[in-house]
Amino acid sequence: MHELLYVIVMPAAMGVLTLFFPKKARLPAGIIALISAGWLFIKAVKLFGIGESEYFRTIFTMGDVFQFDFALKLYGFSSFVLLFIALFGVLIVLYSIGYWFKDRETSGIYYSYILWTLSAAGCAVLSDNLLLLLVCWEVLTLLLYLLVNLGGEGHETAAQKCFTILGFSDAAMFLGVIVIWIAYGTLSISSLSISTGTSTGVIAFLLLFVGAIAKAGAMPLHSWVPAMAKPTQAPTMAFLPAALDKLLGIYLLARISLDIFAIRPGSGLSLMMMIIGAVTILFAVLMALVQHDFKKLLSFHAVSQVGYMVLGVGSGIPVAIVGGLFHMLNNAIYKSGLFLAAGAMEKRVGTTDLEQLGGLAKLMPVTFLTTVVAALAISGVPPFNGFVSKWLVYQGMLEGPGYNVIFLVVAVFGSALTLASFVKVLHSVFLGRRQEKFDGVREVGFTMQVPMIFLAILCIVFGIYAKLPLEQFILPSVAGSTGVGIEEMTVSTASGYWSPAVATVLMVAGMFIGLIIYAFGKTRRVRVVEDVWIGGNVLENEEMRIPGTHFYKTVTDDLKPAYSALFRDGKSGAMDAYNIWGKLGFSVVQVLRGLHNGILSTYLSWTIIGLGALAFALMFLAL
Amino acid sequence: MDAARYLLYYLIFPGFLFTAVVGLLATWVDRKVTARVHWRVGPPWYQPFADTVKLLGKEVIVPAGAKATGFLIAPVIGLAAATLASTILWVASLYPETSFVGDSIVVLYIMTIPAIAMIIGASASGNPLGILGAAREMKLLFAYELPLVIVMLTTVYKVGSFSIEEILNFQSSNGVMLGSFSGTIAFIVAIFCAQAKCTMLPFDIPEAETELAGGTHIEYSGAPLAVIKLNMAIMFFVVPIFIITMFWGGVSFDGIRILTTILKFVAIVTIMVLIKNTNPRVRIDQALRFFWGPMLVLSIIALILAVLGY
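Respectively, the protein sequence lines represent chains A and B. Everything in the first sequence is counted per this note's numbering, starting at 1 for the first residue and increasing by one. Everything in the second sequence is counted per this note's numbering, starting at 1 for the first residue and increasing by one.
None of these hints come from the bench; they were simulated from the model. Treat the hints with caution; some may be incorrect.
Said to hold, decoys possible - Now the stretches of chain B that chain A is said to cover, found in silico as 3 or more residues with beta-carbon under 8 Å:
1. 45–59
2. 182–190
What the hints assert, rightly or not - The following residues of chain B were derived to be distant from chain A, with all beta-carbon distances above 10 Å:
3. W28
4. G42
5. V282
Computed from a predicted structure; not experimentally measured. Backbone N, C-alpha and C define an ideal beta-carbon position, used for all residues, glycine too.
Can you build the whole structure from these sequences, using the hints too?
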């Protein structure tokens, strides 16, 4: 068997195996899943080392009309995405073993879904045929539906919403694939090169674009992410919408906009993508500000961050593309870490409601520290990884046409709002005051800590030594596609390069200064007093609890005229194409229902009209 | 060797020692001018230093409900960040060859860290008044951050680079930003943002001594309070320097330009102190409306003018 096929077949086969494990044997199923994910990771590392490989086999042909090729192609970009898909597979399975350890409801089927997802994602990334890619995309949609259905209360509607939106986008992609087959006669991604000068080209691009952004979760097709956030368990959230779907969606977006269609900076399509990116950044983060549930808040950030990637990739400017793709990787890392922290809350505290949580930093120090790192990284605070990729996007915005400065403002300000939102999280979950009933909460187990710590370390390493991932993963991925040589790319990203290592050393030195000042003072003899001072009042613990959920009420209240529509729908999902289409569909159904009045003569007359139309059409065709 | 040189920059000049001393002197200017406005004599020049030393000798009190580590470490992080912002800004102005393309935006980001550290510290204290202050601090931060980012981008857009070196070169060959229409408007907006960034009246909403009894600072005492005061002094120095760099030709120590540098700095500080002394504290929603209303409009006008080339 070809080496690339192993990547697809092995996890799928192991997934079939874990399927047969009963509920009592969750642990062995998890261990088998861990071994397969680990094997996949090692294989992915080897493939990354090889760099290039191909597999081609025609599955079936229908004369000259149609031909389906099972074509796989490994090159810089796909090998790097595959590597991280496998890495996330390992981390999430490891986390899940701890997460499900005492849960009696779940069986090995969860691990089957995860392994199958890994297999389908691997196939999607390696695929060199649009139809094969589409099939994988649909398998992923189905698996997402099944995974959401394993969730808690309200999972049915959430799963339905995911399936509808992603199903719609898959249908759009299918149409796009048909258009490309008819117009250009091939579905091989590496040999396609379509001009967006023709209307056919534009239509084909838009149809594939819908598939890419729906998967990544950009507006207006984002609402499945927040909808599934609350009922779905945190490991699933960390695995799919936070990590894999971002990698896949942006991978496809980059493939179509850089390789197949070669979008130029300043073109109409580029502008459209940048507007989608900017709108996504701003509106999603505004909605994240008002959320009351940890996971739902994170899901809106998962949407908001996609904006930076779409903005970067869509701009067509090399530095911004590099930034967008690096942000894809960084976002997968820190967002996954944040969802895992939410999972720790779920596991130990039993809720992710921000009003219930609070004051858990002392009891769950590892979760707290990893969350702080991830929160600072997502807010783009130096020296963490989010800063580097966001900064590359900003830098790219300066190079394009003049109106790019608007996108720059939105992107920078979006970062400030993200920071605000995570300050709220840190306060409401870890700092502030704890409810007395949660005094006995313990830190999560070893298997759950390891993935969180690992991701936090990656956030730091990719921030301080950003050159490493940029040169190893990102630049080789795009060097051929953007028409810019790898040397030029290296120069254009490295010339503006600040040295986070030095800055970090200096920050640490600064903290030493502070500690020295403490040492001069009487800090070694800290006096612990009974409780806080509130103007002489003595209050109960419950009375002093201020959850962070109303931190930004001033903003929402005061800007009501401008934002009321946005915030009213904030909970159900504003700018939600799903709801709008739902209403439209409902009104169409109402019209159709009106036609079904149960009177035989009406039906007969419709039948006759239909027959007449058919006959007319046939006559027309015969002529 | 580079690292050692940077460490020296950071610790002595133009980093911690220099910034702290000048910052404390700037707070003395603030106190002296305020006293004159109040028709008082005001403290001697060494008062801020004496206050710091005095605070170091005081007992440190931590409430039982606080997350002690976070509570005590937060001011230290703020201090490190404020010093780093100052170092990057000064080193880029004095030794332009060390400037890098993104340094102005790095400085902008790092200048938010002291505020964030303050919020974390207040939140860790577990005091409801402190937490109210923290919420206000955060709202204030993103209220002024929007116009501040936009006015900063007017300069960045004109120069076509985020690099402080290029911003300064552009200003020395094409005249200072302040000389243009867009630059003047941007400068005015930036001054108000600086006022809020230093949490000075009318934007001392997070501390609000008469209302929240110190807000974010309420539980701090002794050495941590000294560090916080030092932080605020450093910010009171860094923020005006940042504005001078972005809009007013930057700072320099060559011959006569020392004098102009000091004059520029004192001018901005005096404007800020006068605003402080002639305005009562506004509510947080008023501040939000102020920054997202008139200031936002002004900053957008400045940006449009800059794009049009004025």
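Structure-based check of all given hints:
no., hint, result
1, 45–59, "holds (count 5)"
2, 182–190, "violated (count 0)"
3, W28, "holds, 20 Å"
4, G42, "holds, 26 Å"
5, V282, "holds, 12 Å"
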